[in-house]
Each structure stands twice: as structure tokens, then as C-alpha cells.
Amino acid sequence: MPGGKLQSLQSVFEGFETFLYTPESTSQSGVHIHDSLDSKRVMILVVLALMPCFFFGMYNTGYQNLLAGGATEFPFWSIMAYGFLAILPTVVVTYVVGLGIEFVIAQLRHEEIQEGFLVTGILIPLICPIETPLWMIAVATAFSVIFVKEVFGGTGYNIFNVALVTRAFLFFAYPAQMSGDHVFVATSKIFGLGAQAPDGFSGATPLGQIATQTAGELHLTDLAGNAISTWQAFVGLIPGSFGETSTLCVCIGAAILLFTGIANWRIIVSVALGGLLMGWIANLCATPTYPASYLSPVSQLCYGGFAFAAVFMATDPVTAARTGTGKYIYGALVGIMAVLIRVYNNGYPEGAMLAVLLGNALAPLIDYCVVQANVNRRMRRLKAKVE
Amino acid sequence: MSTSIHIKRGLDLKLQGAVANSAITGCPAHSAAVEPLDFPGFVPKLTVKEGDNVLIGSPLLCDKNSTNVHITSPMCGKVSKVERGERRRIIRVVVEADKEQSAVAYDTDKARKGNAEAIRMLLQESGLWVMMRQLPYAIVPKADIIPTNVFVSAFNNAPLAPDHDILLSGKEKELTAGAEALGKLTSGKIFYSTRPGSNVPVPGNVEHVEVSGPHPASLPSIQAANLAPISKGESVLLLDAVTLARIGELILTGKVNWQCTVAITGSEVKAPRYINTCAGAKLSTLLDENIKNSDSHRRIIAGNVLTGTNAGSEGYLHYPYEQVTVIPEGDDVAEFMGWASMSPSKMSVNRSFLSALLPGKRFTPDARILGGRRAMIMSEQYDKVLPMDILPEYLIKAILSRDIDKMEQLGIYEVTPADFALCEYVDPSKLELQKIVREGLDYMRKELE
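These protein sequence lines map, in sequence, to chains A and B.
With the first letter of the first sequence counted as 1, position 261 gets the number 261 in our numbering; the numbers rise by one all the way through.
To convert a position in the second sequence, counted from 1, into our numbering, add 1000.
If you are wondering where the hints come from, they were derived from the structure by calculation, not from laboratory data.
Beta carbons: idealized from backbone N, C-alpha and C, even for Gly.
One or more hints might be untrue.
[Said to hold, decoys possible] Now the in silico label distances, taken between C-beta atoms and shown as ranges: (1) B:Val-1082 / A:Gln-28: 17 to 27 Å; (2) A:Gln-372 / B:Glu-1439: 24 to 34 Å; (3) A:Leu-277 / B:Ser-1022: 43 to 53 Å.
[Claimed, not checked] Derived DSS-like pairs: lysine-lysine, alpha-carbon spacing no greater than 30 Å straight-line: (4) A:Lys-383 / B:Lys-1397; (5) B:Lys-1064 / B:Lys-1446; (6) B:Lys-1255 / B:Lys-1173; (7) B:Lys-1008 / A:Lys-383; (8) A:Lys-383 / B:Lys-1270; (9) B:Lys-1049 / A:Lys-383; (10) B:Lys-1008 / B:Lys-1110; (11) B:Lys-1049 / B:Lys-1232; (12) B:Lys-1361 / A:Lys-385; (13) B:Lys-1142 / B:Lys-1446; (14) B:Lys-1435 / B:Lys-1446; (15) B:Lys-1008 / B:Lys-1189; (16) B:Lys-1113 / B:Lys-1173; (17) B:Lys-1045 / B:Lys-1255; (18) A:Lys-383 / B:Lys-1232; (19) B:Lys-1045 / B:Lys-1110; (20) B:Lys-1255 / A:Lys-385; (21) A:Lys-385 / B:Lys-1045; (22) B:Lys-1446 / A:Lys-383; (23) B:Lys-1270 / A:Lys-385; (24) B:Lys-1406 / A:Lys-385; (25) B:Lys-1081 / B:Lys-1361; (26) B:Lys-1142 / B:Lys-1255; (27) B:Lys-1446 / B:Lys-1406; (28) B:Lys-1049 / B:Lys-1008; (29) B:Lys-1113 / A:Lys-383; (30) B:Lys-1406 / B:Lys-1270; (31) B:Lys-1142 / B:Lys-1232; (32) B:Lys-1099 / B:Lys-1142; (33) B:Lys-1078 / A:Lys-385; (34) A:Lys-383 / B:Lys-1406; (35) B:Lys-1184 / B:Lys-1232; (36) A:Lys-385 / B:Lys-1008; (37) A:Lys-383 / B:Lys-1081; (38) B:Lys-1173 / A:Lys-385; (39) B:Lys-1184 / B:Lys-1064.
Build out the structure end to end from the sequences listed, making use of the hints.
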């Protein structure tokens, strides 16, 4: 009630009410009917498309844990239960911190709570290593929501992808904890489930192994010491951030997003082509100085977060290029940069995150050029008529 | 000789309540009203008082800026009421019908001989001038306009719109006379657009264009953008072929014919049909007993669902006097988690709704906005339904920031609010685009004139 003692919860109340019931407000100007699609459904569709990756992440977490513990049997349900328990605290912390900040800010602005964080809140656990300390997740989430989104005006106004900045914040603020070979695999038992990895265990991701490789031929191995095939990387049973290892599940998500028209196919296709092109060039001039250049172009797409970034990060409509032509350029740039960073900068084993952030920064410039082309066409027409 | 163009982008909304039967029922009106807000750019000044007697074609209002431009009475009778709104703004002038209807007879000799000035004066005095629109600004044409070209649309593919084959049947003579008259006002061409294969009469003295493709292909502004886009400093006339026929009839007979064929459509109408009545007629007369019985609220729209006016049951027929649509209002529907609905009756272009997979299905949408207003999140949603070489998102943003240079560069002179109606329909952020564009056009006009 306005002025009542629950006034301070008004935004929260309205947020929940519109979530549960379609608003009864009817059109006051302009068109009398509206399409049924609204931003709530858009966001939920993205969350839905992320579910295959999420469930696979649960399985993979449990599987890698058993592998690290030297197990030989892999019971499905106990693996899933382990994965669920391992990721649950991260999901809870992300949503509590992120939504909490959104609620407070919506109330300060006297606005309805917006649904943008629904997607961000699930993306953050998916792109962080499973062993990231919870307090770091909380700090990074708070930083991104406040300084990347809310200071610019909230959902729809941010320049950078909020989830990616969270990941980048973790990567640059806590480099010692966030890279190397200790965070990507869950190594301890949870409520008696899973296995305890031996002391001194090393669980480097394939790209991590490449980055630390000093000489000799490239051998990528899984936690049990067996060689990793590209197929295995495609399916995703390799160490890596929680939800981004499986290119297969990313493809399922991509199918959902493309069928419903939520993600833009131009971006996904051009990121993939950009990655393949750069991977091919790197592979042509492969040198032992840069061991990642030995990866085939297709493996470049399957390892690490490349596919995940192409489908779920680069396509974020708010931070990507908004013009049709701009999307091709933006996508290709992201794809090329991702592989370029990955191959030629040994400091960063994974380049997809940085490439998308760079793409975000350049998207307005790309759009400016496309818009200017339209303007110039109009000016030329005017000039032709005047003469 | 005709040229043909195909409009690729756009959207045909499939609604319940189309007119199936082409028979026209007579439906004489007892009162009619003119509403100056239907005529953007026209600054109304009363030329009559309550109680005055008027003929069909007598001036009711004139434009303060050029007093020769009139809005005239569509009916012979007595001015019964002048309704005013905030700050005494004139909302409508209502005329009650006399038993005998007679019309003002204009001297059309000079106009018939092809005197351009006489034609201009005749159109402005008779009230037909305000039925046309000009680009830039999408307003009633300026009194001294010299249009580069004229665009006449002889079809309408807006949702449930009437068929011009019916509206224009037997009007060949009038259309030809009208085209001849307008030809004197422009140094350029008269583009006359029809559907391929339609039976609409085509006057001989025009550039005939066959236009195929989804709505908004029938909007003359869209045709202009695809045939001969205007540049800064140019202006064009836009009109419906029904207005062209009225102009022709005025030239030939000296009288304005304010009778019009109106399609009564929409899911809440018992028997959708064509009726013949007078422009500005009272809607309750037209809808008499023809609305479905139900307790739920409904919205009576004078016009179509994209650009019409919410007239209410006590309202009157609005410009361009061709259609009435009745749909459910929807403010009494409680829908649980509507955003998650998989119901096939939810209308959408998005393939996450089952309805998008049912190509033949006709829908009964209500007037709800179906979501909260948001910032522009999704990109390129507008481009898919705006068949112009315009970047709609950027133009809208330029308008919102009132950046005159940007608006000009991005082509604001080429657009009308109606062009953005479908963008507004598909927008998941639910922005009021037509209102935004109208405000932008008005702002430009104020700043530049």
C-alpha cells in the first residue's frame, strides 16, 4: 500500500505479482493488441536453453570427482547427487546476492523489479570453476551487478555482459586461486558422496595443460591419465568450468535459442567461422613456442568455453552489436580474438571470455559504422537530387 | 503499363471476425461527429456555434494557420454539441441529422478546366484536403504544398481491413477525375498501388504499381519509401484511393460525398459485415445489436487494431472512416503465469508459442499489453516488420533523446507513426512506438518551422 508500513517492499511485491499473474493493464495509446512475447518469457527461454549445460555440469562435476579419486565405477544417480550438492551453494549465493541488490535498487528507483538477473544468476555458476570460494562469487557478483549494470541504468542499459564481468573480476582479482589446476575439479566428499582426491592431485583443464606445456609433443590427458580425444571434448567429460565443457549440450541450447529466435544466428555462425578461420591459420603456422597452435580448428571450438561463449555470451542482445551487418563483424571478431588470445598468449589459457568482453566494447563502434553507412546512403540521395 | 514491387518484411496478423459476405447493408446515421485530433497538424478554430444549421460540406472548423483549410460537416442538420477537453481543446463537433439531407454545391468550373490554384482552393474548402497526408511529418498537407510525387494506395491489408474491390467498385470515372485534378498539383508522378490481380479500377493517367507482400505494404508511406523515398526539403502527398474517388466526385458533381462503406469487424461482432453510412457516424447506431452478448469488457476501436482509436461505445467513427473493430478488453482476465503459457490461443510471432506453428489459425487477442515496459533489450525486432531503408531502433533512440541532427540523418522525414504500428505490436519491451514517433515528428516541426 502506498505510504503504508510495507511501502518499502512495494517493488518486491509488484515484481512477484507480475511474475505470477499477467498484468491486466491494457493498451492506452498506439496499437490495441500486443504480441504475447515479453521480456520475462525471453529470459526464461534462455534459462531453459541453459538447462542441458547445467545438468551436464552436475554430472561432469561428479564424474571428474570420482575420476580424481581413482574410482572405477561411475553410478549415475550418485554422480548427479554429488554434482547437485556441489553446485547448489554457488547458485544460492549468486541469486541471493544478485537478486538482493536488484530488489534494493528497484525499490530505491521506485521501479518494477526486472528479470534480467534470472539469466545472469544461472550463467555465473555455469562459467565459474566448481571450487571457486563462495565469498569470491559473492564479491564478484555484487561488483558486476552494481558497477556493470545498475550504474548504467539497469537491465538493457549495460555495456558489458554482467556474467562475464563477474568471471573476469574473479580471474583478475584472484589470479592465484582462479587459475591453475586446483579449482576446476571438486576434490572432496560432500555428505559422504563422491570421492576424496589424493593429496598433491593435479586437475588441469586441457587448455591449462597446453598453456603450461614447455616442450615436446602435445599430449592432453584426462584425470586418470588417458589421452583426451576431440570427441570426448565435444561431449564434455573433461575438467573445466562447471557448465561450459560440453559442446554437445551447448549445441542443444543453441538449437532451442535459434528455433525460438531468441539468439541471433548471425552472431553464432560468425563466431564459429571466426574461430575456425583463426584456428586454421594458427594450425598452418603451428610452432612449439605456442603449443595451442597444434590444436585442429575443430578442437579449438570444442575445448574450453568457446562454444558456450559463442552461443550464450556473444549473443546477449544488450551487449552485442544491434545491427544486422554489425552482427557478422562482431561475431567474427569475437571468434578470431578468442582463438588468438588462447593460442598466442600463454598467460591466458582461455580467450573466449576476454574476446567477448572485447567484442562488447567494440560493438557500439561497429554499429556506429553500420548506422553511418545508412546515413551516408541517405545523404548521397539528397546530394544527387540537389545536383 | 504497370510496375510491380514486392514488400518482403512485414506481418499479416490473422484475427477472428473478418467480413465474409461482400453485401453492403444501408445504415443511416442520426448523428455524426468530426474530431480534430484525427488530423495532426490542423489547429482547429470553430466556424460554427452550437445550434447552427449546416449542410453536408459546410465548414465546421478551420485551420488557424491557413483559414482556407476546412473540416466540413459530413451531415446536414444542426450542430448539437461542441465537446471540449483539457484547456478547452476542441475534442469533437457533433451534428444531429435533419430529415432532408442536402449538400453545399461548389463551383467547380475552374477546377474542371485544370486550374491548379482552383483545385487547391476547392479541396481545402470542401474538407477533402484534410483527408490527405503529407510527408514529411505525417500531417495534413500544408496549404501551399507542391508535392514531388503523390502516392495513392488502392488496397488495405491491415488486420481485418475492408476490401478496396468493394469500396471502389464502379468508381472508375471518379478516380480518373481525381487523378487528373491531383496531377495538376504535382510536377511529379501519381503512384497508384493495387494488389496484383485485384479488380480495383485503375485510372489511365497514373503510374500503376502492383504491390505484393504483407502489411504494412498498403501504407502509402511504405510505398513511397520503396518507390521514390523523399529527401530533406521534398514533400509528397499520401492518400487512400477512396479519398481520390471523393475528390473526383467533387470535381464532377460539385458536391462532396461523405457516404462511406465501413467494415464492421472483430471477434466480438456477431455478424461482421459491410455497412453504408456517413463519415463520422455514431458507433452505437452502426453496431446496433451486432455485438456478442457477454459480461466481459470489450474495446470498440474506430479503425483497425494497429492504428485505430479507442472510441468507446458512445464514440463516433474516426478518420479514415473505413472500419470498426471490436475486441475483448481483457482487463478482467486473471491469467496465472501468462509468460510461461503454452496455450495455442496465445498470439505471437515467436516460435516459443504454439500459435506461431499454426499458420492458418485466426486469433482473438485482447487489448492487454501482456508484459511490462522495458528498455530495448532484443535487437532487430522492429527491422523485421518495417520494410523501409530505416534503422528503426536508432531512429527511435534519436527521437527519445530529441537529437534533431540524428533524427534527420536517420530518415525521420520518410516515416509516419503508422509505419511503426507493427513494430509496436511485436516489441517484447512494449514501448509506445507510435506515440514516440508522433512526438518526434511534432518536435521536429516545432523546431524547424
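Here is how each hint holds up against the structure:
| no. | hint | in the structure |
| --- | --- | --- |
| 1 | B:Val-1082 / A:Gln-28: 17 to 27 Å | holds (25 Å) |
| 2 | A:Gln-372 / B:Glu-1439: 24 to 34 Å | holds (26 Å) |
| 3 | A:Leu-277 / B:Ser-1022: 43 to 53 Å | violated (59 Å) |
| 4 | A:Lys-383 / B:Lys-1397 | holds (26 Å) |
| 5 | B:Lys-1064 / B:Lys-1446 | holds (16 Å) |
| 6 | B:Lys-1255 / B:Lys-1173 | holds (15 Å) |
| 7 | B:Lys-1008 / A:Lys-383 | holds (28 Å) |
| 8 | A:Lys-383 / B:Lys-1270 | violated (55 Å) |
| 9 | B:Lys-1049 / A:Lys-383 | violated (51 Å) |
| 10 | B:Lys-1008 / B:Lys-1110 | violated (44 Å) |
| 11 | B:Lys-1049 / B:Lys-1232 | violated (41 Å) |
| 12 | B:Lys-1361 / A:Lys-385 | violated (47 Å) |
| 13 | B:Lys-1142 / B:Lys-1446 | holds (14 Å) |
| 14 | B:Lys-1435 / B:Lys-1446 | holds (16 Å) |
| 15 | B:Lys-1008 / B:Lys-1189 | holds (24 Å) |
| 16 | B:Lys-1113 / B:Lys-1173 | holds (16 Å) |
| 17 | B:Lys-1045 / B:Lys-1255 | holds (23 Å) |
| 18 | A:Lys-383 / B:Lys-1232 | holds (10 Å) |
| 19 | B:Lys-1045 / B:Lys-1110 | holds (28 Å) |
| 20 | B:Lys-1255 / A:Lys-385 | violated (40 Å) |
| 21 | A:Lys-385 / B:Lys-1045 | violated (38 Å) |
| 22 | B:Lys-1446 / A:Lys-383 | holds (25 Å) |
| 23 | B:Lys-1270 / A:Lys-385 | violated (53 Å) |
| 24 | B:Lys-1406 / A:Lys-385 | holds (21 Å) |
| 25 | B:Lys-1081 / B:Lys-1361 | violated (44 Å) |
| 26 | B:Lys-1142 / B:Lys-1255 | holds (23 Å) |
| 27 | B:Lys-1446 / B:Lys-1406 | holds (16 Å) |
| 28 | B:Lys-1049 / B:Lys-1008 | violated (50 Å) |
| 29 | B:Lys-1113 / A:Lys-383 | violated (37 Å) |
| 30 | B:Lys-1406 / B:Lys-1270 | violated (49 Å) |
| 31 | B:Lys-1142 / B:Lys-1232 | holds (16 Å) |
| 32 | B:Lys-1099 / B:Lys-1142 | violated (36 Å) |
| 33 | B:Lys-1078 / A:Lys-385 | violated (51 Å) |
| 34 | A:Lys-383 / B:Lys-1406 | holds (18 Å) |
| 35 | B:Lys-1184 / B:Lys-1232 | holds (23 Å) |
| 36 | A:Lys-385 / B:Lys-1008 | holds (27 Å) |
| 37 | A:Lys-383 / B:Lys-1081 | violated (52 Å) |
| 38 | B:Lys-1173 / A:Lys-385 | violated (35 Å) |
| 39 | B:Lys-1184 / B:Lys-1064 | holds (26 Å) |
Comparing the model with each earlier hint shows violations of hints 3, 8, 9, 10, 11, 12, 20, 21, 23, 25, 28, 29, 30, 32, 33, 37 and 38; every other hint is respected.
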